[in-house]
Amino acid sequence: MSKKVKASFIVPVYNGELFIAEAIDSCLRQTEKNFEVVVVNDGSTDSTSDILAWFTLHDKRVVVLPKAENKGRSAARNAGIKAAKGDILLMLDADDLAHPERLKATLKHFAKHKETDIVYGKYQLIDSLDNPGPVVDEAGQEWNWQRVLDTKLTYIGHSTMAFRRQVLTSVAYTEGEWSSLGIDDWKLQVDAHKAGFKFGAIPYVLSYYRYKSKPRDEKRVDELKKEALSGIPEGNTALEVVS
Amino acid sequence: MKFSFVVPVYKKSAATLKRCLKSLLTQSYKDTEVIVVFDGFDEELVNVVLDLGGNALVDPKAGPLKFLVEEHGGACKARNAGAAWALGDFISFWDADCFAEPNMCNAWVAYLTGDPTLDFVYSGYKWADRPDLAGYDSEPFDPWTLEKYNYIASMFPLRKEKVLQWDESLDGLQDWDFWRRVVKSGCKGEYMPTGGVAYPFSTELPTADSISGPKADVPARIAKVRSKHGDLDKDTLVLSNLHHVNAIEVAKILDADYFPGPSFDYWHTREYKTLVQVGFDGRQLASTYYFLTAKDAKKIIYWMGPDADALQMAPFKVVNELKEQLTTSGISHYCDDQTTKNQLANINIDSSIIRFPVRFNMFSAPLPEKFKVLAYCDETYKPLIESIKKSMPDVDIDMVQPGVQYKLADYSVNLQFTEDKRLITPTRNMLLAGRYVVSNIQEPYCGYVSIEQDIDDFKRDVIKKIRTLMTVKEPDIKAQAHYRHLTAPETFIAELMKVGEEVNV
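Quick mapping for you: the protein sequence lines, in order, are chains D and S.
Under our numbering, the letters of the first sequence match residues 964 to 1206, in that order.
Under our numbering, the letters of the second sequence match residues 7 to 511, in that order.
It cannot be assumed that every hint is accurate.
Claimed, not checked - With beta-carbon atoms standing in for the labels, derived distance ranges: (1) D:G1006 - S:K396: 18 to 28 angstroms; (2) S:D138 - D:D1090: 51 to 61 angstroms; (3) D:P1178 - S:E385: 32 to 42 angstroms; (4) D:N1033 - S:M405: 50 to 60 angstroms; (5) D:P1097 - S:K396: 18 to 28 angstroms.
It is worth saying that the hints were derived from the structure and are not from the lab.
Even glycine gets a Cβ: it sits at the ideal position worked out from N, Cα and C.
Okay, chain S solo, but in the shape it has when bound (with noise of 0.2 angstroms):
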């Protein structure tokens, strides 16, 4: 597998390429060659690929570093005509103010090969000389929030007869065009999560002559994108900083923009009808901004369990400010649970439930021939539930360990005991699937039994439940035709969309 690196070069210092470079030359990979595009002659810069042994691309005995002149015409075209002589597999499109560490090539043979139908792979990658600032991690590979914002810089090897020409007539958000073309015309990427890869490479912070520097006309530049993709205008815009995966969520069902979290404010290019923030955090109120601030716009926020947990903890004074504004600036409040409500209700913010969408009902299925039951306890109600199991020898019962997967599927009876009285995720998957619950929670179908009651009576009780629904050969009908209706997409969406005066559930 070959990569060959493209690297158009404009106004960079010596030190700055000669780095680039070198960190290309030294990957632990060697199947690589790097072909330096010079958008305009300049002396200097040529002097340092001569000095690491770089040849003209023309030269018969050009090595593994290459280069070529071209009249100056912007990075796009610097890039196409690189791109022309590539002889490698994989081709990187590599700016020259970035350098690599030495086993990223490594990292991408790993995914490429482990999966033959790939054509790109991405990560994520860090500032260089700035421990100071976080890394920028990315996120995984979803078609649609890559039409929304571009996740994808332009360093990464796509598969070399799936390159298309980079749009020159574009003055920045190149990548983000060209990713978009890429994606559309059928190709597959995947994340390399920053866990299991270390940033794989660093960039320098845009300078004043850098394509994203100070001068650049962000919001005209995505408009010109966004036209020339023939992207619609929405009316509803969808925000989050803590909760993305459920925010992206909520923007597919309703059909919205959405921005992840505040360093994409720059994306706000338009004024929203409607704003919907997923999530709260009040301990970062800088981040919501635009959403207190932005004037006409109906505003909802869709609160997440652990942001009204945090509030719960959160000192007088910042609780008092955050009561002010929320209920004062016409925004309608929600949330899925019980818990919730009461916390919010605390604080005097009055909200309706209504239960988080789901769009893909995981499985539905006859009981598995084998009984089997899934547990989660929490830390308070693991002996409780283990004893339990060491009562029941005949009884298969898994104790969820964290890290281990396990497919719900095989389970026809779920055990949630855990202080916190909302119902995970996996549980509610189980009663949407039409299996059975067991659990400490006062909700529809959900087994309640109560822990106020001797422990002895306690177990009892559970194990009378169980023991009664290894006899059951059905699923559960009428409790997942209870939760599939309240968490239907088209009931989220008539509630949070209707005009006027919101009603409590």
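Isolated chain D (complex conformation) (with noise of 0.2 angstroms):
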């Protein structure tokens, strides 16, 4: 008889064979014990399908969904979603790490607070050669629906999101242009809110962040981040507003 599975890991990757073992390996020594990961190959056209063979070869909690065509980022999440069996859904972008806590801490905080649906803490940059770098305290501020509207930003790092399962089969991760431009994770963060599922933040760090500035399309991030809070289409006329 096999133990249910507390908690799933869910990993999507796109050409990540710089960083998906270290990803991987940093979900696997977590403290607390009862998890499974579950990694989507987006179609990776690199080594990472080796990689991953490895993986299932060598820990049977890493669970690799069969190589899907490259369909982009929310695809590959909402596919991940659909897959995994555990009630608390962690997310861990591909070239990202989850401190060895983290997994300890979310339950913790799901446990203690039962109002509370998605819950995300602070976040450390690290380097290519996973030198540390600052800590990113913002993230760790208490979810502000004002701020949000105010600046455009969430300021919550996406690799320390965990969900009770409700919230993700009510809500999924938006395709398309949000997941081509990155903001996949920026849109569920607001559809979860105008849902009305409630935020937590946890004041520790959760995961450890790769950051790397990649050019993007800064105007059309704009323009879909304004619809999305305002509830108009740009250049529509129609008054309904939805808060």
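Make the complex out of the two chains shown on their own, each in a separate frame, by following the hints.
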């Protein structure tokens, strides 16, 4: 009889050969033991598949979904969520690392705060060689919707997020432009808030974020965010406002 | 295992003899006997022995300290006389002006029992009462170098059955002659390095009455031993001060004579047609005096990388003076690689590249069944390569640790990432064996990856190269042929020994 899996890490990966091994390894080192790591190979063309094959051979807790065509990060996340068996779902990007105490802190917070549906925490920056950078304290601040409206920023480190299962059965990651521009995580946070789910902040470093600046269409990002926050598409004259 | 110490005595001070004998009698290891052989009767010295509890050898109650009086006839005659009475399994021909550390015999026993096929062991020694002088470290056992000069003192234990007669006709270098004959008769010896065993004994510096004293006519003695052994006169002499092992290799390839460093000046008993200096230490010009001032010889310097590196950091005045000497004295300059050539060019020394010769190609085997990568990195590159290692849990990558031995034959691929862009020996040996290389070295077949790019792109390039090599089943025949040709001894000899203008390789 197999034990019920309590938590699932969801890790989408596309051409992640540089860091995916470390990312998965960081999940496997959790102090809290009851979990699985669901890795979704989003059509990688580098050696990601070889690395994932090695993990499935060596650790039963790593579940690799069959390699799909490249459909984007959101689609990959959604597929992972669907396949996951845990009651608590933790997100991790393929080049980030989870702190060994992350699962423990996450489960503790959920157990203590029955009204919280979504948690997140602080994160620390690391570079390509795992050299530690500054801790981003702002990321551990309490959820403030007004601030989101004012700044269009949530400050949440996606790789620190964890959800009770029911959140992600109601709200999904949005595919398409949101995904390709890398703001699908922001969209999910906003959608979850609109759907009435409650956020809780954990004041500890839960993950390490491997920051690498990538050029993107900031104008389009801004347009999409504005649209999401006002509920009015750009150029549309309808007055219906969704708060 | 019993040791017999045979101690010939002639004109030593009582204090010296006493110190010598006490040190032998108070060894931690007890299964020994000491046979003092007086090379001519000396009452005071005989009393020293009697005071220490010695008996005449013929005395049936003779204990561990015995003595014999011979008619004066030289140290060899005395040694031979004493050896005839020795009861031990091993005989040590001990000089009366030496005294031993208390655990000297223990070290001998450890080595001799560790390898029962050994006939003798030897080591270095230090100078008595002269802490200011560096000790003599001797060197690893090689019958070839023993033919060129002596590095084994008479003091070392030799299996009794293998002991030969000392040559009573020799005034000096008696031990050189003795050990040459012993080794030629097929004896196997082992060197006890100073690091593992502290200098086991001290020897006093020669006095006026010593065999090696100031009156000794060393060139004549050398000539006598060489003549006795039928040593041929060689045209070429190889010299070195810091690159001993490499210089011996060059001397063997060139079939030359060899002397290590300045302390062996007295072995220069004749003129040579060609002098080859392996490595040139610009900070020790005095030690290259012979090389620089010799007349009528063809002169070659084979520069070793570290010596050229040192020159880059020497004071301007030193380098200038050196440059004068080296560019006006008709010397041909060679080196192994472009980096060294460039450094020499910086001080206007024009050199030709000829790869250091390799006689024995370590291994030539099919690629190992299991794919393994060996990685040599300096401190600069270590974090990068360790990061790559973390990215590839499915590949066996061994990062080289200092002090650990690696069997190159077990690896298909060698990584070399070092600031110093010279091929290190293991990388060169891997190429000679047809194995693959990934490195930051821009030499043929070295799998060059540029560091002048984004770190992540660098990592991806290295990963790609390694993963491609995982699918290769055959050794790199082209690389092997290329490097074997470059390092062939024939190539080296032809280049160095040619007459006329040198040609840039």
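Each hint tested on the structure:
1. D:G1006 - S:K396: 18 to 28 angstroms: holds (24 angstroms)
2. S:D138 - D:D1090: 51 to 61 angstroms: Roughly 53 angstroms apart at Cβ, these two residues keep to the hinted range, so it holds.
3. D:P1178 - S:E385: 32 to 42 angstroms: With Cβ atoms ~34 angstroms apart, the hint holds.
4. D:N1033 - S:M405: 50 to 60 angstroms: violated (34 angstroms)
5. D:P1097 - S:K396: 18 to 28 angstroms: Since P1097 of chain D and K396 of chain S have Cβ atoms about 22 angstroms apart, the given range 18 to 28 angstroms holds.
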